[in-house]
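J.: Please arrange chain B on chain A, whose structure you already have, making use of the hints.
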Amino acid sequence: NAGVTQTPKFQVLKTGQSMTLQCAQDMNHNSMYWYRQDPGMGLRLIYYSASEGTTDKGEVPNGYNVSRLNKREFSLRLESAAPSQTSVYFCASSESGTQYFGPGTRLLVL
Amino acid sequence: AQSVTQLGSHVSVSEGALVLLRCNYSSSVPPYLFWYVQYPNQGLQLLLKYTSAATLVKGINGFEAEFKKSETSFHLTKPSAHMSDAAEYFCAVSDGETSGSRLTFGEGTQLTVNP
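Chains as they are written, first to last, in the working numbering: chain A, 229 to 338; chain B, 185 to 299.
Next up, chain A with everything else stripped away, as it sits in the complex (with noise of 0.2 Å):
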């Protein structure tokens, strides 16, 4: 089993620029989660999604959209990139409340 999957795993975008981050899992998990981590910070959620067809605001969603695909996929998308979102992004899916980790993404806006 690969797990969590993400791709890319790093990206340089400009300002305005929009794009997706991809994220994938083979475990069967009925939920998954966006997280950006910035230093001293810890990881901040930025939307979750608890089961196929629903997807919900975290603390830090403002810029963000979400697409639950279908059980295994949820992208991220940055319509409009700020600097601000200057980050790395891993993705995670849960079982019974323990979440699992993908890889991460490095963005840069410039």
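Keep in mind that the hints were calculated from the coordinates and are not lab data.
This one's a predicted model, so the numbers in the text were calculated from it and none came from an experiment.
All residues carry an ideal CB built from backbone N, CA and C; glycine is no exception.
You may find that some hints are simply not true.
[Claimed, not checked] The calculated lysine to any residue pairs, modelled on SDA-like cross-linking and capped at a C-alpha distance of 20 Å, are:
#, chain 1, residue 1, chain 2, residue 2
1, B, K242, A, G325
2, B, K253, B, N208
3, A, K285, B, S187
4, A, K237, B, P224
5, A, K299, B, S285
6, A, K299, B, E281
7, B, K242, A, T326
8, A, K285, B, S283
[Claimed, not checked] Stretch by stretch, here's where chain B covers chain A in the computed footprint (C-beta under 8 Å, at least three residues):
#, segment
9, 261 to 272
10, 278 to 286
T.: Just chain B now, with coordinates in the frame of chain A:
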């Protein structure tokens, strides 16, 4: 509302010394508590979790944590540090075990192991 406080953003120990990373939590419901480890340029890996079965929880790589309700603490320990333990450690509290349960993370503690 839940919160996690990790005391000490940086901890430095000598190889072979005791590792103690502190975590205090606040939760309005019986807590589910976790420790994760993050090695450089990698994702978070589960070290251990507390779900009320036992107050002393053993995890991977020789780590363990003790749940103390009276102190609202869940400190992480390892008797003898190894160079490979150098990483960032995160304590987290969950609001449940059902679908859609959410984790609240502490700010992390960077562990340095000196030879």
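J.: A separate judgement is required for each hint: does it hold in the structure or not?
T.: Verification of the supplied hints:
A hinted pair counts as satisfied when its Cα atoms are at most 20 Å apart, and B:K242 with A:G325 qualifies at roughly 18 Å. Taken as a hint, the B:K253 and B:N208 pair is honoured in the structure, with Cα atoms around 10 Å apart against an allowance of 20 Å. Restraint check: the Cα-Cα separation between A:K285 and B:S187 comes to about 18 Å, which is no more than 20 Å; the hinted pair holds. Using a Cα cut-off of 20 Å, the hinted pair A:K237 and B:P224 holds, with the two alpha carbons roughly 14 Å apart.
Of the pairs offered as hints, the one joining A:K299 and B:S285 holds, with about 17 Å between alpha carbons and a cut-off of 20 Å not exceeded. A threshold of 20 Å between alpha carbons decides the hint, and for A:K299 with B:E281 the separation of about 19 Å falls inside it, so the pair holds. A distance of roughly 16 Å separates the Cα atoms of B:K242 and A:T326; the hinted pair therefore holds under the 20 Å criterion. Proximity of A:K285 to B:S283 is assessed by CA-CA distance (about 15 Å); at most 20 Å being required, the pair is judged to hold.
Counting residues of the segment 261 to 272 of chain A whose CB lies closer than 8 Å to any CB of chain B gives 6, which reaches the minimum of 3, so the coverage claim holds. Given as covered by chain B, the segment 278 to 286 of chain A passes the check, having 5 residues with a CB less than 8 Å from a CB of that chain where 3 are the minimum.
Consistency with the previously given hints is maintained throughout, with no hint failing.
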